[in-house]
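**Q** Given these sequences and hints, build the entire structure.
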Amino acid sequence: MKKRKETGTTDKGIPLLFSIILVFAILGVLVFSVSHKITREMSASAIQNLSETLDLIKATIEAILNKEAEYQKLMAEEIARAEDPEEYIRAYNKNRTMVKLSFIWKGKTEGISNTGEAFSEEGLDFSAGDMVGELFISDSYLNYMGTWAYTMKCPVVKDGQEIATFYVEYVYDSLDRSLPEGFYNKKAMLYIMDAKTKRLVMKPKGMGERNAGHLNLEDFYRANDIQDEELRQEVEECLENGKNVMFYHNIRNKKALNYMWSVNGGTVYLIGYVPIEAIQQEGKTVNQNIFTVVAVMLIAFFLCCILYYFNQKEQNRIRREREKEREIHSIQLAEALQAAQIASNSKTMFLSNMSHDIRTPMNAVLGFTTLLARDAENPDKVREYTKKIAASGQHLLSLINDILDVSKIESGKVVLNVGVFTLNDLVSSVDAIIRPMAKAREQKFHVMVTGIRHETLMGDETRINQVLINLLSNAVKYTQPGGNVWLRMIGQKQRSAQYEHIRIEVEDDGYGMTPEYLEKIFDAFTRAENSTTNKVQGTGLGMAITKNIVELMGGAIDVSSQVDKGSLFRVDLELKIPEGQTDKQFWKEAGISRILAVESDAGACQDIRTWMADEEVTVDIAQGIEEAVHLLQGAAGEKYQMILLDVEGMGEDGIQAAGEIRGAVDAGIPILFLAANDIEEGEGTLQAQQMGVLVKPFFVSAFKAKVLELQEKGGGKEKEAESGNLEGLYFLAAEDNEINAEILSEIISMEGAGCEVVENGKLAVERFAHSRAGEFDAILMDVQMPVMNGYDATRAIRALERQDAKEIPIIAMTANAFAEDEKEALQAGMNVHLAKPIDVELLKQVISQYAKGRE
Amino acid sequence: MDRGKDKKRVKSAAACLAGLAAFAMLACGGKPNGANLITEEEDSARVVTMFSPMEKTEPNVDNIARSAADKTVILAEKKLGVRVNYVTYTAENYQDKTYDDVALDRARNDMDDIYLLNPDVIKALGEEGKLMDLSGLECAKNLRDVVKTANTVDGKLVAIPQEVVAYGLFINKDMFDRYKLELPETPEDFLECCRIFKENGIETPVGANRWWLENFVLAQAYADLYNGGNTQAEIAALNSGESKYSDYMRPGFEFLKEMIDKGYVDAKKAYVSEAIEGEGPDFLAQKTPIVMAYWGAANTETAYGDADFEMLVIGFPSSRGQMPVMPMTGFAVGADAEHAQDAMDVLEVMLSDEALQIYAETNRVISPSNNVEVECVPALKPLKDRIEEDVFVLGANAGMKLEQWGNTCLIVRELLNGATVEECMAEFDRLQEESMGNERNTG
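The listed protein sequences correspond, in order, to chains A and B.
The numbering used here puts the first residue of the first sequence at 1, with every later residue one more than the last.
The numbering used here puts the first residue of the second sequence at 1, with every later residue one more than the last.
Honestly, the hints are just simulated from the structure, not real lab data.
There may be inaccurate statements among the hints.
Said to hold, decoys possible - The following residues of chain A were derived to be distant from chain B, with all beta-carbon distances above 12 angstroms:
#1 Ala25
#2 Val29
#3 Leu74
#4 Asn143
#5 Asp159
#6 Ala278
#7 Asn465
#8 Lys706
#9 Glu727
Stated by the list, open to error - Keeping only pairs whose Cα atoms sit at most 27 angstroms apart, straight-line, the calculated DSSO-like set for lysine-lysine is:
#10 Lys262(B) - Lys287(B)
#11 Lys78(B) - Lys186(A)
#12 Lys97(B) - Lys196(A)
#13 Lys205(A) - Lys97(B)
#14 Lys94(A) - Lys97(B)
#15 Lys187(A) - Lys78(B)
#16 Lys97(B) - Lys153(A)
#17 Lys58(A) - Lys255(A)
#18 Lys11(B) - Lys313(A)
#19 Lys186(A) - Lys71(B)
#20 Lys187(A) - Lys58(A)
#21 Lys254(A) - Lys71(B)
#22 Lys198(A) - Lys97(B)
#23 Lys384(B) - Lys187(A)
#24 Lys158(A) - Lys205(A)
#25 Lys287(B) - Lys173(B)
#26 Lys79(B) - Lys205(A)
#27 Lys243(A) - Lys255(A)
#28 Lys198(A) - Lys384(B)
#29 Lys205(A) - Lys78(B)
#30 Lys141(B) - Lys287(B)
#31 Lys58(A) - Lys37(A)
#32 Lys11(B) - Lys187(A)
#33 Lys254(A) - Lys37(A)
#34 Lys187(A) - Lys243(A)
#35 Lys79(B) - Lys186(A)
#36 Lys94(A) - Lys58(A)
#37 Lys11(B) - Lys205(A)
#38 Lys588(A) - Lys706(A)
#39 Lys205(A) - Lys67(A)
Small disclaimer: the values here were computed from a predicted structure and weren't measured.
The C-beta atom is built at its ideal place from N, Cα and C for all residues, glycine as well.
**A** This is how it looks when you write it as C-alpha cells:
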C-alpha cells in the first residue's frame with residue numbers, strides 16, 4: 001500500500017515536471033525567437049544605418065570633389081582672363097586643399113607650378129579616364145609632401161579657344177578633415193582607397209588602428225585575414241564595376257561587417273569594417289535586458305520551485321508521519337483487539353473452567369449435604385460426609401483465594417509485607433505442606449540448601465512461601481506417583497554485600513510441558529491440558545500469580561521443561577540481609593564453642609562451617625565415622641560440646657554409627673542426627689539421653705532450637721503443650737449473618753466455651769459497655785456489618801472508659817482477607833485478623849493465645 | 001529543528017526575491033538630465049601627429065617592438081592628456097618611395113609633429129634646420145654619449161632614440177657546428193665559411209635585403225676609425241676632404257662584390273627584397289645560415305625570436321674582429337611643427353627613464369639612457385659583449401658631413417644592381433665633393 005502511495009506521488013510529480021519543462025521550453029523558444037528577431041531586425045537596421053552613413057560620407061566626398069572641380073573651373077576662367085596666366089599661377093600660395101597649381105600652354109608638354117619648378121604630366125596618370133564633373137582626375141599618388149594626393153586638370157578656354165591646361169593637386173588629408181572622426185562610437189574603421197591602384201590613401205590615425213592593414217587592399221585583406229577566394233573575387237568584381245560591397249567577416253576574432261563603398265563612380269572607395277557588437281549595440285542591450293528579465297524570472301521561478309519543493313517535502317513528511325501514526329494506532333488497536341479477544345477467550349475459558357471447578361466441589365457439598373440430611377442418624381456416615389464436605393469447601397476456598405489474588409495483582413493492589421524471616425521457617429513451613437502431599441502421591445520430596453551465607457533475611461515471607469507452595473504443589477500435582485520433587489535453595493554470588501542472592505530451583509521428573517505451553521505458562525487463566533493433567537484440579541492462576549509476585553519482589557523466574565522428562569523452575573531473588581542477627585550470646589550461654597560435624601557431603605560441611613563461624617562456633621568436619629571416632633578419641637575430643645551426625649541414607653548403620661560415636665565421647669555431649677524429614681522419630685536409640693534429630697537441611701535457627709530443646713530435656717523442663725482448649729471461656733461475637741453466627745456459636749460451644757452474638761458493631765459496643773468486668777474473655781468481631789462496622793466498633797470499644805476496654809482481645813473475623821484488611825483491622829485496635837471461613841484450629845490457637853495470655 | 005530550517009529557507013528565498021526586485025529597479029531606472037538629449041562630448045583639443053614606419057601587416061599578430069613604443073605613447077597620452085595620431089607609410093615595393101623619402105618630404109612640408117627617422121634623414125633634416133633642438137629636454141641629460149654624438153648636427157641634438165639599434169649577423173649555430181665552422185672574425189674568415197657552406201650545397205649562405213647589406217661595408221670601413229683612438233681627427237679629415245670616404249669604403253665594397261660574384265649573396269633578390277621579408281623565411285627554414293638584422297629581431301615573438309635552432313648574434317667581420325654596427329634611429333620634432341610644444345612634451349615623456357625602462361623591458365634592447373639596464377636574450381650575448389667592451393661602429397654619424405647610413409645603402413643597391421666597385425667609389429667621391437660644395441654654399 002505504501003509502495004502504491006509512493007508510486008502515486010511519483011506519477012503526479014513526473015507530469016508536473018514535464019509540464020514545467022514544457023512551459024520553460026516554450027518560454028525559452030519564445031525568448032530565443034524574440035531575441036533572434038530583435039537581433040535580425042536590429043542587424044538589418046544597422047546595415048541600413050551603416051549604408052546611410054556611408055552614403056552620407058560618400059555624398060560629402062563627392063560634394064567636395066565637385067566643389068573642387070567647380071572652383072578649379074572658376075580659377076581656369078580667371079586664368080583665362082588674366083594677362084599673365086603664369087604669373088597668376090606663381091602668385092598663388094598653396095593651402096590645405098590645393099597644394100600645387102600647375103599650368104601648361106596648349107601644345108607644350110612642360111609648364112610651370114606655383115611651387116616654382118617646371119611641371120609636366122609625367123607621373124600623373126589620367127589614363128583611367130575618371131572624371132569629377134567635367135574634369136579629369138588622376139590616379140592617386142604620393143606627392144612632394146609625402147602624402148597621398150590627386151590632380152584634376154581643367155582646360156583654360158579663352159574666347160572659345162582652349163589655350164592651356166590648368167592642373168590642381170589636392171591632398172586626401174583635406175578630405176579627412178571633412179569626414180567624421182569616428183562613427184559607431186569610434187569603433188568603425190574607415191579608409192579611402194584609390195580604386196585603380198588599390199592603395200590606401202587615407203587611413204585611421206588612432207593608436208592600435210595600425211593593426212588593421214594600412215598599405216593597400218592586399219594588406220587590408222592580409223591584416224584582416226580575408227582569404228576566402230570566392231569572397232575576394234566577388235569583391236574584385238564589384239570594385240571593377242564601381243559597386244558597393246558589404247559582407248560579414250571576423251576581424252581579430254570579432255564578427256564584423258566589412259564594407260567597400262564606391263565614391264565618385266568608383267574612382268575611390270570607402271573601405272573598412274564595423275564590429276557587429278558596435279552595430280548591434282542596441283540589440284545587444286535589448287537582448288541583454290531580455291535575458292536579464294528571463295534570468296530574474298528563472299531565478300524567481302526556481303526559488304518558488306524550491307519553496308514548493310520544500311513545502312511538499314514537509315507536507316509529505318507530515319503525511320508520512322500521520323500515516324505511520326495511523327498504522328501504529330491500527331496495529332495497537334489490532335493488538336489491543338487481539339489481546340482483548342484473547343483475554344475474553346481466556347476469561348471465557350476461565351469462567352468455563354471456574355464453572356466446572358466450582359460446580360464440582362459445590363456439587364459435592366450439596367450432594368453430601370443431601371446425603372447428610374438422609375443419614376443424619378448414622379454418626380459414621382455423618383462424619384464421612386462432613387469430612388468430604390469440608391474437603392470440598394477447602395478446595396472452593398483455595399479457588400476463591402487464587403481468583404482474589406490474581407485480580408488483586410492485576411489491579412496493582414498487592415503490597416509486599418517485608419519483614420525478617422529465617423530460611424529455616426520458610427523451608428519448614430513449605431516442607432510441612434508439601435511433604436504430606438508428596439507422600440500422599442508416593443513421591444519423594446528432596447530439600448537442599450547450599451551456598452547460602454545468611455539464614456535470616458528480609459522479605460515477604462508469606463509471598464515467598466506462596467511462590468514455593470505454588471511451584472511445589474504444581475510439581476507434585478504434575479508428577480506421576482512414585483516420582484521425585486526437588487526443592488533447592490542455592491546461594492549465588494552476591495552482587496551487593498547487603499543482599500543475599502538466592503536461586504530457588506523446583507524440579508520434578510513428572511509429565512513436563514510442551515514448548516507451546518511453556519510460552520504461555522505464566523499467562524493468567526491458562527492450564528496445561530492433556531489427558532493426563534485434565535485430571536488435575538486447579539485454577540490455572542498459580543503460575544501467573546507466582547510470576548507476578550516474583551517480579552514484584554524484583555526477582556526473575558524462568559522455566560525449562562521437556563514432556564515426560566520433567567520441569568525445572570528457577571527463581572532468582574535478592575533479599576536484604578538484616579543487621580545484627582547473630583546470637584553469639586546464646587552459644588556462649590549454651591557452652592558451645594566447638595562442634596564436630598560428621599558429614600560426607602563436602603558442600604553441606606562447608607555451609608555448616610560458614611554459618612557457625614558467624615556464630616563464633618568452630619566446626620570440625622569428619623568425613624566418616626572412623627575419622628569422627630578418631631577425632632573424638634584424640635586430644636581434641638574433649639573440646640567438642642556437640643556432635644552433628646549425618647545419618648541420611650545410613651538406615652541401621654546410622655544407629656550403629658551413633659552408638660560408636662556415643663561410645664567415643666562423654667555421655668553428656670549431645671549428638672544430633674542430621675536426617676531427612678521423613679525419618680521416623682521415636683526409635684529406641686534416639687530416645688536415649690542427649691540425642692536428638694535435626695531435620696535437614698541444616699539451619700542455625702533449627703540447630704539452636706534443637707540445642708535449647710535438648711538442654712531443656714536435660715534440665716527436666718517439660719514444655720507445656722500449647723493446647724487450643726477453649727473450655728470455660730465466654731466471648732462476645734458481633735456477626736450479622738445468622739448462619740455464620742450459628743456456626744460460630746456451635747464451634748465455640750463444641751469447644752466447651754460460650755458466646756453471646758450481637759447483630760452489629762453498635763450492639764457489640766453497647767453490650768460490652770454494659771458488661772461486667774471480665775464477663776467476656778474476647779470479642780470476635782465481624783467487619784462488614786450494618787449500623788456500625790467492625791472497625792468503628794473496635795475503635796468505640798477501645799475508647800470506652802473502662803479498664804478492660806483497652807485490654808480485651810478483639811479478633812477480627814472477616815471475609816475481607818487481604819493484607820490491607822488485616823492492616824486496617826490492626827490499626828483499628830484489633831489484636832488479630834482471621835479470614836473467613838473460620839479455621840477452627842487456628843481460631844482455637846489464636847483465642848487461647850490472646851485470651852489465656854490475658855489471664 | 002526542521003521547522004527552523006524551513007524558516008531559514010523562506011527567509012533566504014524572500015531575501016533573494018527582494019534582491020532581484022531591487023536589481024531590476026536599479027537596472028531599469030535612470031532619468032535624463034534636462035530636455036537636451038545630446039550630451040557634450042569632451043573634445044580632445046591637444047593632438048600630436050607622429051609619423052612612424054610600419055611593416056606590412058600580418059593577421060592577428062602584434063608587433064612587440066611597436067607595442068613597446070606604443071606603451072610609451074600611452075604613458076605620454078595619460079600623463080599629458082594629449083592624443084597622439086599615427087601617420088604611417090610603407091613602400092609597396094622597391095619602386096615606391098622609401099620611408100626615408102616620404103619622411104623627408106613630410107618633414108620638409110611640416111606635415112607632422114614628431115618623426116621617427118633613420119640616421120641619414122636625421123642628418124639631412126638636421127642640416128636643413130627642419131628639426132628642433134632636443135638638448136633642452138630633461139631626458140637628454142641621461143643619454144649615453146654615443147647616442148648624443150650620433151644625433152648631434154651642427155651642435156644641436158636633433159633626435160633621440162628609444163633604443164640603441166645595433167645591427168649584427170644572425171647565425172644558425174647548428175649549421176656552423178654541422179660543418180665544424182668557427183664563428184667568423186675577419187672578412188676572410190667569413191668568405192671561408194661561405195665557401196664551405198656553398199660547397200656543402202647551401203645555395204645562398206647569406207640572406208640579404210636591399211636595406212642592411214651596408215653593415216658589412218660600414219663595419220669594415222670604420223672599424224679602425226671608431227676603435228683606433230683617433231676618431232675625431234679622422235672624421236675631421238673626412239669632413240675637410242683630406243681623406244676620402246671611398247678609401248674607407250673600398251674594402252667593404254670589394255668584399256661585397258666578391259660575395260656577389262661567388263654567389264654567396266643573391267644580389268638580384270636582395271635588390272628587390274624588403275627587410276626580413278626576403279631572407280627571413282629561408283633563415284628560419286635553415287636554408288640560409290646567415291642573415292643580418294637589428295638587435296630587437298632576436299627577441300622572442302619578433303622576426304627571429306622563435307627559431308627552431310640555436311641562434312647567435314655576432315658582429316660583422318672586420319679587421320678588428322666581430323663588429324656591431326649601430327646606426328641610431330631617433331625621434332625628432334619638426335622645427336615648424338603645428339603642435340611643437342605638445343610634441344616636445346610628448347617626447348619628454350616617451351624618452352624619460354620611466355618610459356625607456358618600459359620600452360627596454362618589453363623589447364629587451366640596449367637603452368639609450370645611462371640609467372636603464374635590462375637583461376638581453378642569450379642569443380644576443382656575443383653582440384652585447386662587444387658593445388659593452390665599447391667595440392662598435394656607428395652606422396650613422398651626424399658629425400660626418402657625408403651622410404653614411406642612407407648613402408651607403410643606396411650605393412650598395414647600385415652594387416647589387418650591377419655597378420662596379422669603382423663606380424660605387426666614384427659615387428662616394430661625388431657625394432663627398434657635393435657635401436663639401438653644400439658646405440661651401442651654406443658657408
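**Q** All hints, please: hold or fail.
**A** Consistency of the hints with the structure:
no.	hint	in the structure
1	Ala25	holds, 23 angstroms
2	Val29	holds, 23 angstroms
3	Leu74	holds, 26 angstroms
4	Asn143	violated, 8 angstroms
5	Asp159	holds, 38 angstroms
6	Ala278	holds, 17 angstroms
7	Asn465	holds, 56 angstroms
8	Lys706	holds, 73 angstroms
9	Glu727	holds, 84 angstroms
10	Lys262(B) - Lys287(B)	holds, 18 angstroms
11	Lys78(B) - Lys186(A)	holds, 19 angstroms
12	Lys97(B) - Lys196(A)	holds, 18 angstroms
13	Lys205(A) - Lys97(B)	holds, 21 angstroms
14	Lys94(A) - Lys97(B)	holds, 23 angstroms
15	Lys187(A) - Lys78(B)	holds, 21 angstroms
16	Lys97(B) - Lys153(A)	holds, 24 angstroms
17	Lys58(A) - Lys255(A)	holds, 24 angstroms
18	Lys11(B) - Lys313(A)	holds, 17 angstroms
19	Lys186(A) - Lys71(B)	holds, 21 angstroms
20	Lys187(A) - Lys58(A)	holds, 19 angstroms
21	Lys254(A) - Lys71(B)	holds, 24 angstroms
22	Lys198(A) - Lys97(B)	holds, 16 angstroms
23	Lys384(B) - Lys187(A)	violated, 43 angstroms
24	Lys158(A) - Lys205(A)	violated, 44 angstroms
25	Lys287(B) - Lys173(B)	holds, 13 angstroms
26	Lys79(B) - Lys205(A)	holds, 20 angstroms
27	Lys243(A) - Lys255(A)	holds, 23 angstroms
28	Lys198(A) - Lys384(B)	violated, 43 angstroms
29	Lys205(A) - Lys78(B)	holds, 18 angstroms
30	Lys141(B) - Lys287(B)	violated, 46 angstroms
31	Lys58(A) - Lys37(A)	violated, 31 angstroms
32	Lys11(B) - Lys187(A)	violated, 47 angstroms
33	Lys254(A) - Lys37(A)	holds, 21 angstroms
34	Lys187(A) - Lys243(A)	holds, 24 angstroms
35	Lys79(B) - Lys186(A)	holds, 22 angstroms
36	Lys94(A) - Lys58(A)	holds, 26 angstroms
37	Lys11(B) - Lys205(A)	violated, 57 angstroms
38	Lys588(A) - Lys706(A)	holds, 16 angstroms
39	Lys205(A) - Lys67(A)	holds, 26 angstroms
The structure fails to meet hints 4, 23, 24, 28, 30, 31, 32 and 37 from the earlier list, while all remaining hints are met.
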